[in-house]
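Participant: When you get a sec, could you build the whole thing from the sequences and use the hints?
For reference, the chains in residue letters:
2 protein chains.
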Amino acid sequence: MTLQRAKGTRDFLPEQKIVRQYIIDTLREVFELYGYSPLETPVLERYETLSSKYAGGSEILKEVFKLKDQGNRELALRYDLTVPFSRVIAMNPQLKMPFKRYQTGPVFRDGPISTGRVREFWQCDVDIVGIKKMTADAEILSLADMAYKRLGLKVKIKINNRKILNSILKEADITENQEDIILIIDKLYKIGVKGVKEELKSKKLTDKQINKIISLISIKGSNSKKLKELCKLENKEGLEEIKELLSYLKEFNTKVEFDITLARGLSYYTGTIFEVVLNNDLSLSLGGGGRYDDMISKFMDSKQEYPAVGISFGLDRIYNILVNKNIKKTNTRLFIIPIQTLKESLNISQKLRENNINTDIDLNNKGISKNLDYANKLNIPYVLFIGENELKKKKLKLKDMNSGKEKFLTIKELCKFLNG
Amino acid sequence: MTLQRAKGTRDFLPEQKIVRQYIIDTLREVFELYGYSPLETPVLERYETLSSKYAGGSEILKEVFKLKDQGNRELALRYDLTVPFSRVIAMNPQLKMPFKRYQTGPVFRDGPISTGRVREFWQCDVDIVGIKKMTADAEILSLADMAYKRLGLKVKIKINNRKILNSILKEADITENQEDIILIIDKLYKIGVKGVKEELKSKKLTDKQINKIISLISIKGSNSKKLKELCKLENKEGLEEIKELLSYLKEFNTKVEFDITLARGLSYYTGTIFEVVLNNDLSLSLGGGGRYDDMISKFMDSKQEYPAVGISFGLDRIYNILVNKNIKKTNTRLFIIPIQTLKESLNISQKLRENNINTDIDLNNKGISKNLDYANKLNIPYVLFIGENELKKKKLKLKDMNSGKEKFLTIKELCKFLNG
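Protein chains in written order, with my numbering: chain W, 13 to 432; chain E, 13 to 432.
If you're looking for bench data, these hints aren't it; they were derived computationally from the structure.
Be aware that a few hints might be false.
Pairs count within a copy or across copies, as identical chains cannot be separated in the list.
[To be verified] Here are the simulated lysine to aspartate or glutamate pairs, EDC-like style, with alpha carbons at most 16 Å apart:
1. Lys355 <-> Glu263
2. Lys175 <-> Glu253
3. Lys224 <-> Glu183
4. Lys144 <-> Asp305
5. Lys262 <-> Glu356
6. Lys363 <-> Asp157
7. Lys355 <-> Glu256
8. Lys108 <-> Asp385
9. Lys363 <-> Glu425
Because the structure is a prediction, the values reported are computed rather than measured.
Facilitator: In C-alpha cells:
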C-alpha cells in the first residue's frame with residue numbers, strides 16, 4: 013500500500029508548522045490587543061446553512077464538499093469562516109453588541125488545483141458586528157496595519173468605498189451589469205487604461221460613458237487630491253465615509269492609500285472595502301475585507317440590523333513569504349548529550365525544564381558525533397555535554413552550535429545564561 | 013430558515029474558547045519544554061489510508077465520515093491523529109529519528125450521540141518514534157505529570173505493561189479470548205472482585221484459572237511490593253521494563269501507581285500502558301496512552317523498526333472540568349469610555365496597545381452606564397474614563413471593576429500599573 017495525502021491537501025512538518033504557529037501567534041496577540049475574542053465553530057455544518065442564498069455565491073457553492081451522516085442528514089465542510097460566524101450570531105441572541113471576534117482554522121473548497129490553490133487551507137478572520145460608524149472600519153484597518161508590521165511585512169493598505177463606485181456608475185448612467193463593470197474597473201492596475209477601455213467597450217458602453225468612467229477612476233495624487241476631484245460626484249455618501257474614516261485613521265497613525273479602482277469581487281460589501289498588498293509586489297494580496305451591513309440580518313431573516321466590518325488574513329500567502337525568511341526553525345533551546353551519565357542527565361534535564369528552558373536530551377546513548385549531527389539537523393542552538401568529570405566539578409560543558417565556542421557553567425549559571 | 017448546527021457538533025463562544033486556548037497553550041508550553049515539535053496534517057485523508065487494517069479497528073471504521081471529491085476520489089475525515097502521523101512518517105524518510113511531535117486538532121466520528129459524546133472533537137497527541145528504551149516512556153509520563161500540574165489538576169497516573177498482562181494469562185493457561193479476558197480484568201475497579209469473577213466465569217474459565225488470575229491482579233500495596241509478589245511470573249520481561257521505567261521516573265521526580273489491572277482497550281499496545289485519572293474521581297480518565305512498537309512499521313509495510321510511545325490528552329474532558337473553575341474569562345485588560353473625546357481616546361487606545369495592553373474602547377458613543385454594563389458583562393477588569401477635564405489635567409480616571417475603586421493616572425503611570 014502506497015501512502016498518499018488526499019489530493020489538494022498539505023502537511024506541515026515541524027520546521028514549517030513552527031512558522032505557521034509564529035504567524036498565528038503574532039496575529040492572535042494583535043487581535044487581543046484590540047479587544048477581539050476567539051471563537052471556535054465546527055468544521056462540519058449543515059448543508060442547508062452553507063447553501064443559503066445569502067451565504068456564499070453560486071461560484072462557491074459549486075466547490076462545497078458535501079457528505080452525509082449515518083442518519084442521512086446532509087452535511088458540508090465549511091468553505092469560509094463568515095457563514096458559520098453569522099450562524100453563531102443568529103443562534104445566540106444573548107451576545108452583547110458590539111461582538112468582536114477572531115477565528116482561525118481550516119476551510120475547504122473542492123475546486124481545480126492550480127498553482128498555489130489547495131482544497132484545504134486556513135483562514136484567519138477578524139470581524140466586528142454592531143457598529144455602523146467608521147470608527148469600526150478604522151479599528152480593523154489599524155489592527156491590520158499593526159499585524160503586518162509585527163510580522164515584519166512591508167505592505168500597502170488600499171481602501172475604497174462601494175458607494176463611490178456606485179456613484180461613478182450612476183454618473184456614467186450605467187444601470188445594467190453593474191457588478192461586471194465594477195470588476196473591470198478593478199483590473200486597472202493589471203491591464204491599464206487601454207485594457208479597461210476595451211473591456212468596457214465589450215460591455216456595449218458608449219464612448220461618453222467610458223470616458224466618464226476613465227476620467228473619474230484615473231485621478232492620481234494624494235488621498236486628499238482624489239477626494240477633492242471626486243467632489244463633483246452627485247452622491248457624496250461614500251466620499252463622506254472615506255473622509256471620516258481617514259480622520260480616525262490619523263488618530264491610529266495608520267497610513268492607507270485611497271484607491272478609486274479597488275472593487276473586490278464579493279457582492280455583499282456595502283461600504284468600505286480594503287485590500288492589503290505587498291509593497292514590492294503590488295499584485296500579491298495578503299488579505300482584505302470590508303463592510304457588509306446587510307448580510308447577517310438577511311441571512312438571519314431578521315429585522316434587526318447587524319452592521320459588520322471585517323478582514324480576512326491570507327494565512328497561506330503570508331506563510332509562503334515568511335517560510336523562506338528563516339524566521340524560526342525550532343522551539344528547542346538546548347540538547348543534552350549524556351556521557352555515561354544517563355540518570356543524572358535526565359535529572360538535570362528536568363531541572364532545566366522546571367526553569368522554563370526548552371530542553372531535549374539523547375534518550376538512546378547514541379554517541380557524541382551522532383548526537384551533534386542530530387542537534388545540528390534540528391537547528392538546536394546549544395548542546396550540553398554531561399560526563400562524570402563535569403558532574404564531579406559541578407560545571408557542565410555548553411557548546412554554542414553557531415559559533416562553536418564552548419564554556420563551563422554550573423546549572424544555575426546555565427539557567428541564567430539561557431533565560432537571559 | 014432556522015439556523016442550526018450539524019448534529020453532534022459544538023460551538024465555543026469566546027468565554028469558552030478562552031478556556032480551551034488556555035488549555036492548549038499550557039499543554040503546548042510543556043510539550044516544547046520537553047523538545048517536542050508541532051505537526052499539522054489535513055482534516056481530509058484518503059479513505060484508503062484510514063481504512064488500512066493496521067490503522068483503526070473495525071469499530072472505529074464504522075464511524076468514519078466518508079465523502080468524495082469532484083474527481084470521484086474516496087476521501088474521509090480523520091478519526092484520530094495517530095494514523096495521519098504514521099502516514100507522515102511513511103512519506104518522509106528524511107525525518108531524523110527520534111521524531112518527537114505533538115499535534116492538536118479536530119477529529120471526527122459518526123457515532124451515536126450519548127452524554128458527552130460528540131461527532132467532532134479535539135485530540136491533543138504527543139508521541140516519540142524511534143526509541144525502544146524505557147527512557148522514552150519515562151519522558152512521556154514526566155511530560156504528562158508536568159502538564160496536568162500546570163493545568164492545576166490533581167491526578168493519579170496509573171501504569172502497567174501489556175507483557176505483564178500476557179504473563180498473567182499464560183500463568184493461568186489462557187490461550188483463547190485473550191483480549192476479552194484483559195478487558196474484564198480492566199474492570200476490577202468498577203465491578204469489584206465478585207464482578208470480575210462472574211464475568212470470567214461467563215467466558216468458561218475454570219475455577220482454578222479464575223483464582224489464579226484474581227490472586228495475581230488483586231495484589232495490593234506499594235509499587236515495590238507488587239513487583240516483588242509478581243516475581244513468581246515466569247516471563248519477567250514486563251516486570252523488568254516496569255522496574256527500569258520506575259528507575260527513570262525517579263530522576264524525573266514523577267510519581268506513578270503501578271496498577272496490574274490497567275489494560276486499555278486498544279490492541280495495538282505492545283508494552284507500557286498508562287492512564288491519567290482525576291484524584292477525586294478515579295473513574296474519570298483525562299488521558300492515556302502507551303507503547304506501540306509494531307503499528308507504524310506494519311502500517312508502512314516496512315522492515316525497519318519504528319518503536320513508538322505516546323499519550324493522548326482528553327482535551328474535551330479537561331475543558332469540562334476547567335470551564336467551571338473560572339480560569340480566565342477575557343483577554344482584555346482595559347475598556348476605554350470616551351466622554352466627548354472620541355478622537356483623543358482613539359489615539360490613547362493606540363498608545364496603550366503599542367505598550368502591549370489589551371485595550372477595548374467604545375466606538376459608538378453609547379453613554380457611561382451602558383458602557384459600564386458592557387465592560388462588566390465582558391468581565392473586563394479595568395475601565396478608563398477619558399473626558400475633556402482628564403485630558404486637560406493629563407490624568408485619566410481608572411476604575412477597578414472588582415473593587416469599584418478609582419484613581420487618576422497619567423498614561424505612563426497607567427502603562428506601568430497595567431503591565432506590572
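Participant: Given identical chains, is lysine 262 near glutamate 356, meaning Cα to Cα at most 16 Å, within a copy, between copies, both, or neither?
Facilitator: between (60 Å within a copy, 11 Å between copies)
Participant: For the identical chains here, do lysine 175 and glutamate 253 meet the 16 Å Cα criterion within one copy, between copies, both, or neither?
Facilitator: within (9 Å within a copy, 73 Å between copies)
Participant: State whether the alpha carbon distance between lysine 108 and aspartate 385 is at most 16 Å within one copy, between copies, both, or neither.
Facilitator: between (56 Å within a copy, 10 Å between copies)
Participant: Please work out whether the CA atoms of lysine 224 and glutamate 183 approach to 16 Å or closer within one copy, between two copies, in both situations, or in neither?
Facilitator: Intra 8 Å, inter 95 Å, cutoff 16 Å: intra-copy only.
Participant: With identical chains, the pair lysine 355 and glutamate 263 could be close in the same copy or across copies; at 16 Å between alpha carbons, which is it: within, between, both, or neither?
Facilitator: between (60 Å within a copy, 6 Å between copies)
Participant: At most 16 Å between alpha carbons: which applies to lysine 355 and glutamate 256, within, between, both or neither?
Facilitator: Classified as between; 11 Å across copies, 67 Å inside a copy.
Participant: Taking 16 Å as the upper bound on the Cα-Cα distance, should lysine 144 and aspartate 305 be classified as within, between, both, or neither?
Facilitator: Close inside one copy (8 Å), not across copies (60 Å); limit 16 Å.
Participant: Within a copy, between copies, both or neither: which one fits lysine 363 and aspartate 157 at a CA-CA cutoff of 16 Å?
Facilitator: between (41 Å within a copy, 14 Å between copies)
Participant: Cα distance capped at 16 Å. Does lysine 363 pair with glutamate 425 within a copy, between copies, both, or neither?
Facilitator: Classified as within; 13 Å inside a copy, 37 Å across copies.
Violated hints are absent here; each numbered hint is respected by the structure.
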